[in-house]
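*Asks:* Protein sequences, first through last, are from chains X, C, R, E and H.
So my numbering is basically just the index in the first sequence, starting at one, shifted up by 293.
So my numbering is basically just the index in the second sequence, starting at one, shifted up by 376.
So my numbering is basically just the index in the third sequence, starting at one, shifted up by 654.
So my numbering is basically just the index in the fourth sequence, starting at one, shifted up by 222.
So my numbering is basically just the index in the fifth sequence, starting at one, shifted up by 15.
The hints are simulated quantities; they were obtained by calculation from the structure and are not laboratory data.
In this text, a Cβ means the ideal position worked out from N, Cα and C, and glycines have one as well.
Any given hint could be a false lead.
[Said to hold, decoys possible] Here are some of the chain E residues that sit facing chain X, going by a computed Cβ distance under 10 Å:
#1 A241
#2 V243
#3 L246
#4 A250
[Stated by the list, open to error] Derived contacts from chain C toward chain E, CB cut-off under 7 Å, selection only:
#5 L438
#6 Y440
#7 L442
#8 F514
#9 E517
#10 H532
#11 N536
#12 F543
#13 G559
#14 I563
#15 A584
#16 L823
[To be verified] Only pairs whose alpha carbons sit at most 20 Å apart, straight line, appear in this in silico PhoX-like list of lysine-lysine:
#17 X:K376 to H:K116
#18 E:K255 to E:K568
#19 C:K483 to C:K398
#20 R:K1099 to C:K751
#21 R:K1019 to R:K1111
#22 X:K378 to H:K116
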Amino acid sequence: MELTFYIAAAVAVLATLMVITRYNMIHALLYLVVSFLAIAIVFFTLGAPFMAALEVIVYAGAIVVLIIFVIMMLNLTYEDVQKEKEWLKPSVWVGPAILSLVLLAELVYMITAAETAPAAAVVAVDARLVGLALFGPYVLAVQLSGILLMAGIVGAYHLGRQKKKVVHRFLQERSAAA
Amino acid sequence: MILVWLIVILMAGGLLAWLAQKWHRASPRWIALGSVLATLGITVYLWLAMPAATLGASPWLLQYELPWIPQWGVSFSLALDGLSLLMLLLTFFLGLVAILISWREIKNKVGFFHFNLLWVLAGITGVFLTMDLFLFYFFWEVMLIPMYFLIGIWGHENRNYAAYKFFIFTQASGLLMLLAILGLYFIHGSQTGTYTFNYFALLNTSLAPEAARLLMFGFLAAFLVKLPVVPFHSWLPDAHSEAPTAGSVILAGLLLKTGAYGLLRFVLPLFPTATVEFAPWAMLLGVIGIIYGAILAFSQTDLKRLVAYTSVSHMGFVILGVFAFNEWALQGVVMQMITHGLSTGALFILAGFLYERLHTRDIRLMGGFWSRAPKMGVVALIFVMASLGLPGLGNFIAEFLTLVGSWQANNWLTVFATIGLVMATAYSLRIMQKVFYEPSLVEQPALPDLTSREMLIAAPMIVGLLWLGLYPQPVLDLAQPSVQEQLQAYSGSKVEPKVAAVEAPLSIAEIDSVYFEAAVKDLKK
Amino acid sequence: MADLLWLIPALPFAGALLLVLFGNRISRGLVTAIGAGSVGISAAITLLLGIEYLSSQPAYYHQEVWNWFNVAGFNPSIAFHLDALSMVFIFVITFVGFLIHVYSTEYMAEDADYSRFFACMNLFVGSMLVLVMADNLLLLYLGWEGVGLCSYLLIGFWYKEPANGYAARKAFIITRVGDTAMAIGLFMLFQAFGTLHIQTISTEAVQLWDTGAQMAVIIAFLLLGGAVGKSGQLPLQTWLPDAMAGPTPVSALIHAATMVTAGVYLIARMHVIFELAPVAMMAVAAIGAVTLLIAGFAALTQYDLKRVLAYSTISQIGYMFLALGVGAWSAGVFHFMIHAFFKALLFLCAGAIILALHHEQDMRKMGGLRTSMPVVFWTFLIGAASLAAFPLVSAGFYSKDQILWLQLAGENGSVWLYAAGLLGAFVTSIYTFRMVFITFYGKAKTHVGHQPTMAIKVPLIILAVLSLVGGFIELPHNFGHVVLFSDFLSPILPTISVVPGFDQYEWMLQLLAAVVSLSGIYIAYLFYISKPELLASIHRSSTAMAVHRFWHSGWGFDKLYDILLVRPYVFLANVNKRDVIDGFYTGLARVTEGFHMMLSETQSGVLRNYVAGVVVGAIMILTISIFL
Amino acid sequence: MSVNDFIHLMPLLILTVGALVSMLVISAWRNHKIIYVITAVSFVAAFASLFEQHVAAPYTIEPLFVMDGFSAFYIGLMLVTALLISMLSYAYFEQREERKEEYYILLILSTLGACVMVISKHFASFFLGLEILSVALYSLIAYLRTRERSDEAGIKYLILAAFSSAFLLFGMALVYAATGTMTFTGIATAIAAFDRLPLLLITGFGMMIIGIGFKLSVVPFHMWTPDVYEGAPAPVTAFIATVSKGGVLGLLIRFFMEVDGFRYPTLVLIFTIIAIASMFAGNLLALMQQNVKRILAYSSISHLGYLLVAFLAGNQMGVEAITFYLVAYFITTVGAFGVIAMLSDKDRDAERMEDFKGLLWRRPWTAAIFTAMLLSLAGIPLTAGFVGKFYIIATGVNTQLWLPVAILVLNSVIGLYYYIKIIAVMFQQPEAAMEPRRQLRPSIYVASMGTLTVLALLLIGIGVYPTALINLITTLLNTFTTLTLR
Amino acid sequence: MNAVSMEAGLLLAGILFLLGMISVMIRRNIIFMLISVEIMLNAAGLAFIVAGSRWVQPDGQIMFIFILTMAAAEVSVGLALILQIYHQLKTLNSDTANFMKG
């Protein structure tokens, strides 16, 4: 199991690395799917099979597909890939990379130096327990996430609509008079 | 209650004046005039009605208190003593003058102008009356905003810059005072358990020397900037020269006095030990101010700027006197506050008259006006003489008393301050020379002499200055109990004249040290 | 009668006030009546009071008009004190002042600012009266400064000429320098005595201090500073020659009756303090000696008629200081009185000449006036004789002789002082008669316009008479021994003790003085009448001309002060016109703006940079949380 | 869910219902006015329902929510603010060529999110509240989607908010990993057990600060503020500046009080640095700025810095000061943006200095209100801002936070400059008769004008007689149990 | 089910988080930025699950579900906005969208 974890982890990291270095967006997205799948396996090794499934369905499925749809709507061409290449020069990424390395060092130090209780074995928390908690104490939170989605939907609906000229009736009258 | 009315009348009058503009163009003037006259009347009545009380044991004539923010121990507390009464008389008198002077000068937004004018006066009245430190700070700030508008809207060309500068300087220093007030409040609260901003309660706070020093500097910051003392004077020339005449009069005549008043009312009684420590430095600042202001005044070519720098110089005497801690000096300071208000106010009025006629403040473009406007010449001469401290006029009494007092405290600094009088002569006569004596290099349009309205403004100021110069006793009597009150903590630091005199000879440093040792010893008792 | 004391100064003040308020609206006649009349009434009251004083011989008259103010025991009053010393002064002030007023009615008749002139003159007389009658030093200071103000107003009377304005300003400022010293002296006196009442100080000083006490010395020097400023003595004498810019009656008033004699009065009045400070006394005498020489030599070279007279005033007051300095109090005051007569006379004559010559003051353009203006000539001659101490007949001879005599005979005298005085007397008679000869002899160079009328002539004649006979109230003991004047003053001023056994040499000294005076006149005659070529030969010598220029400029004091004080001050003021401190605040504002600009750069509008900003913040926070 | 739970969640429920009803009504009949009324009614009703609460003792709904005086006050404050903003929005959106109705739904939802935050006592509810607020705000900011600036602001806010949310979540995960609980009380008990905070926990807190700091727009997470303020429609800007920040601040106070974060010098240090940097950066950035909305954005950065000074005091007085200041700040900010909204026309918002030139002579009343608001921001007496600033300084002095207080004072001075710069512009004489900007019927401005008048009166009322408000705050906060212990 | 240490899990989450973070910083394409943010959010979710499995509690997973919800909502709004921007600016370059600065 441990080995699985490490392999999956390695895959996830590598795939993510590929995601952030691709020029072609579709390629990047494919790597992203790989990364999500690897993480799903990590979830599995951590004893959260239900979450693994959700990861695959929602992230790898819904979200990535959504993005692909948008990319298709936008009709991105080869030139865009070239442009992307141009944008991703070393001068652009060196600074951020150093910043990230600093952060990485700090995180590594923080996580390894943490004097937590001896690493307990990971025990699976099965879906039933999750479900009980979700609709037990967390039921209000679930309601809230519903509201969250509602906000998202209303917003996306409003923003995503194609432009349609709406002239106020007063202004209309005025321009008609003019 | 009558004290509240003073403030209420002014504030209500201001609002009414603003609103009344719609009704009739001239009405704001009359409303403003009426309300200031009413307050002046009340104050004069107060003055005449209770001369006896001033000689009583308590210096307080009237008190009024109303809880305001009880949670914080803030109350709407007003009290009147001789000092405040004098300051109020000056306030309303100059307020009246300011309204009259603006009668023709201000042509647009008359209503709003008078609103601001009256609110400045209300704020100043509040500052002079309040006995609650929160309220004091409140009024301290309240008087600034309308003043800012007065400068910023009706000022001369460079008004915005001047207004910013004025506002930022005074606010910055005011905030430091706020810190000090709060520090005092919490120290007093933690000592006694009652958290209050009441002045009389806070007087009994016992402070560690460190804390006292810091808190004193907080208060000083506000007052020294307002006074102003070199090197914090930088706002003053700009504000004075760019303000409309009424604004300059109120700035010079009243706003600067709030600084002096604050020194007397708060700094001296609240921090007796710390002030004694600081006194030589403060006096040094005063002397520097006297000399520096005089030198700068001498070189100015803008008449109002020149007069503004004379204020810097004159206010140096105030701080010199305040930190001499004896009755002569303090009475001198009180006199200086009043007479400087009159004389410098009058000089600004004069500059206003000239500006109205010539549309310039540049004295290089003026000259030879005596022959064309002899009345103005005479009036100017009297004010100029007052400003250079000619005996017989009020300023002389003020300066002489101050110097007599400060001599007891510090000889060398007094010597230098006295040298300032020579410099005062130099810059004052420069005004006469350039404006009224030697012919102008530039042709000037017709210069009508003072009208009767203008004479009406100038005459009371002349009479006032002469009266203060020849028979200042009523004023001194009125201020005396208050001055004593402020000096209570220093009763020991008054120098026994003869003792000091015998020892006085050459080494003046010795005198100083003796004096301070004596002072410290007395304080320890 | 003593109740009328306050009227003496009040009347001129009232006159001034009336003229200021209504001067432009009333007729000239009325102005004259108010202006000259008020001083005249004062003079009359003075006369009556003087008679009463002489007959009843009280110690002094005292009248408190009102209590000026009272602060913690500092309680000066508006109160007048009249004793013999003040009596002499108010007599001179009111009488000579009145005569000058009368004279002015004609002299100023053409002037547009007639009423302003009289207002100022009245104020001047009033201030001077307050000065000499004050019972405390603060009131004295009031008069003192008032005199300064009036001198300013009158010197700058013809203000349209910028030079006049500057001269007026110079007079005011320089005298104010002296006043400042005096003010500090007053602070010290107050600290020592707790009062400024003159009588109290005089009585208590002796108890408080021993002779030579440091305090007394400092105070005496400070008072001397004031006196030197007002009296035009070294080193503050430079204003006086320039003060000639005013109308001539003003010069007469300043030099004869008021203003410059204030210093003499102050020293005489505070003689108790000075006697406690022998060093200061020495200084007074030394200043007098040096001043009288410097001014005398400077007078030799002047061409402006009034400037000659001005330097002569400085010089003569130097004599008074010389007298005061050796403790010859009454001799000094006596010379003051006589000097008032003849100096007023000389100025008024000069005024008549100037008026006649269309305001021409340069002596080189005068000449031959002896015939065209006989009255003026004779009176001027009398005045000149008095000034040059022409033996026996002139009043000046007696007063000056007394001073010189006491230099040697007095306890504190010295040969050096005497020699200086003698040399001064010699120079005095040279320049005096140089003036007489140039002006009145030789060819007429300018047409005589206005001939003096009664208003001018009468004062001239009265003053001439006084200049002649005035001296006879105080005669040396080998000469009739009249001591009316010193007796009169003796209750107030201590009499000088003469070195015993010295009396028999007095006639020798008198003879010497007479010879000096006459030889001076002769030399002047030689140079300016009989042998002008001598003068020409001097003019050819470059060394002599350099000296001439040096003296002409008043020994270069003006230049010296200009370089040492005025220019640095003006330079400093102009350099700092924009106020360096303001620059500091402006700089502060600039720095703040600079910060704004820097920070503004971070708001680039580019999303990636904002993200980077958040990351930097994250690193900061994490670093702090991990490592602290 | 008991009846009591329902009663105590009533304000939230009413808001939810309000949003749903609006949605239904829109689907049936689009009408600006009706939706507007529904929104106003639901805000008012939610506010009214607060009075049914018994806040004398805290009421918890395990494990997510707690309702006490503190939350009641903050909810009330935010509801009133939202109501005022919606009042101001009507006239603003009436003249836009845009569908207006969704705006109100999003406004209600984001208010709901903010309310959830202040009553939450659990990471989950905290996070969800925050995200409801954020997601609604993305759309609100970009609401005028045909404006380039609006879209730009929207995407900037979206990316950065999500970015910082990720930090927040990661931080929460770390805290959770270290303590094993996500309720505030649980965390408090867990860390009470440690004698020294484990690194994991500290780092977790640190990362949470990033998320919270972003929403509060404090330095160095402030960079979005001016752009978003500028790009968003004026009423939305008002909302971001007030309700969104108020909610987060309320949560921050509750969380920090609960876990007693002030015991840890590291955290105090971080907040001190943030406070100082915010005050400086905000004021310096605003100094020479010419765009009024950006000035207000920068000023809000510095104001949050001021608030953090009181926050650092970490005692009851500090919380009172924050609360009081927040009230003053809300009134002022809503008023200021209300004026901008009112002066805006259909092309762009009135944000340039020229738009305000000579305003006093053109529209004296509006200008007077704006002046009052600016003076209050500057902390000048007679306005609520003064009392608020006084309260904060008093708190700082009381707890002897000399450095932050000194810097606060210094910054108040710097701040004066740009506030009075705007005032000066308003008081300038307009050079020529300016072309009046095209405006719709004046009658639609009645609500705006009325709201602004109410705000101005409140501002001065509180400035002159703050006693009532102080009383209210102290009484309500007394039930904030953890505080009374101190 | 055996021992995968919590540290390892957190480290993985941290690395993924940082990769996402660096990507947000270096990418100009707004869609890429959005994707990167999703990576970060996912990493945070991973951290929750790691923590949850350490304490053997369902709470971590529940948080993951909420994160998922939020990510979905965010992406939908974000994409709608991106469409709108593309219509306005005809580009996805976030650097171009800098009308507002200073």
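*Asks:* Look at each hint and say if it fits the structure.
*Replies:* Here is what the structure says about each hint:
Taking 10 Å as the C-beta cut-off, the interface hint given for A241 (chain E) holds, the closest approach to chain X being about 7 Å. Interface restraint check for V243 (chain E): the shortest CB-CB distance to chain X comes to about 13 Å, outside 10 Å, so the restraint is violated. Annotation: interface hint on L246 (chain E) violated; nearest CB of chain X at approximately 12 Å, more than 10 Å. Using the Cβ-Cβ criterion of 10 Å, the hint placing A250 (chain E) at the interface with chain X is not satisfied: the shortest such distance is roughly 16 Å.
A hinted interface residue such as L438 (chain C) counts as satisfied when its beta carbon comes closer than 7 Å to some beta carbon of chain E; here the least separation is about 23 Å, so the hint is violated. For the restraint placing Y440 (chain C) at the interface with chain E, the shortest Cβ-Cβ distance is roughly 17 Å, beyond the 7 Å limit, so the hint is violated. The interface hint given for L442 (chain C) is broken, as the beta carbon of that residue sits about 11 Å from the closest beta carbon of chain E, more than 7 Å. Interface restraint check: F514 (chain C) against chain E, minimum CB-CB distance 5 Å, threshold 7 Å, status holds.
Annotation: E517 (chain C) was flagged as interfacial toward chain E, and the flag holds, the nearest CB pair being 4 Å apart, inside 7 Å. Of the supplied interface hints, the one on H532 (chain C) is violated, with its beta-carbon coming no nearer than about 14 Å to a beta-carbon of chain E, more than 7 Å. Because the smallest distance between the Cβ of N536 (chain C) and any Cβ of chain E comes to about 5 Å, under 7 Å, the interface hint for this residue holds. Restraint check, F543 (chain C) versus chain E: the minimum CB separation of about 6 Å is within 7 Å; hint holds.
Hint status for G559 (chain C): holds, given a least beta-carbon distance of 6 Å to chain E, under 7 Å. At its closest, the beta carbon of I563 (chain C) sits 10 Å from a beta carbon of chain E; the interface hint therefore is violated under the 7 Å criterion. Contact between A584 (chain C) and chain E, as hinted, is not supported at the beta carbon level, the nearest pair being about 14 Å apart and thus beyond 7 Å. The restraint placing L823 (chain C) at the interface with chain E is violated, with a minimum CB-CB distance near 29 Å, outside the 7 Å limit.
Taking the CA atoms of K376 (chain X) and K116 (chain H), the gap is near 24 Å; set against the 20 Å cutoff, the hint is violated. As the CA atoms of K255 (chain E) and K568 (chain E) are separated by approximately 19 Å, the hinted pair is consistent with the 20 Å bound. For a cut-off of 20 Å, the pair hint linking K483 (chain C) to K398 (chain C) stands: about 14 Å separates their Cα positions. Restraint check: the Cα-Cα separation between K1099 (chain R) and K751 (chain C) comes to about 42 Å, which exceeds 20 Å; the hinted pair is violated.
With a C-alpha separation of about 23 Å, the suggested pairing of K1019 (chain R) with K1111 (chain R) is violated against the 20 Å cut-off. As the CA atoms of K378 (chain X) and K116 (chain H) are separated by approximately 26 Å, the hinted pair breaks the 20 Å bound.
This entry does not satisfy hints 2, 3, 4, 5, 6, 7, 10, 14, 15, 16, 17, 20, 21 and 22, going by the numbered hints stated previously.
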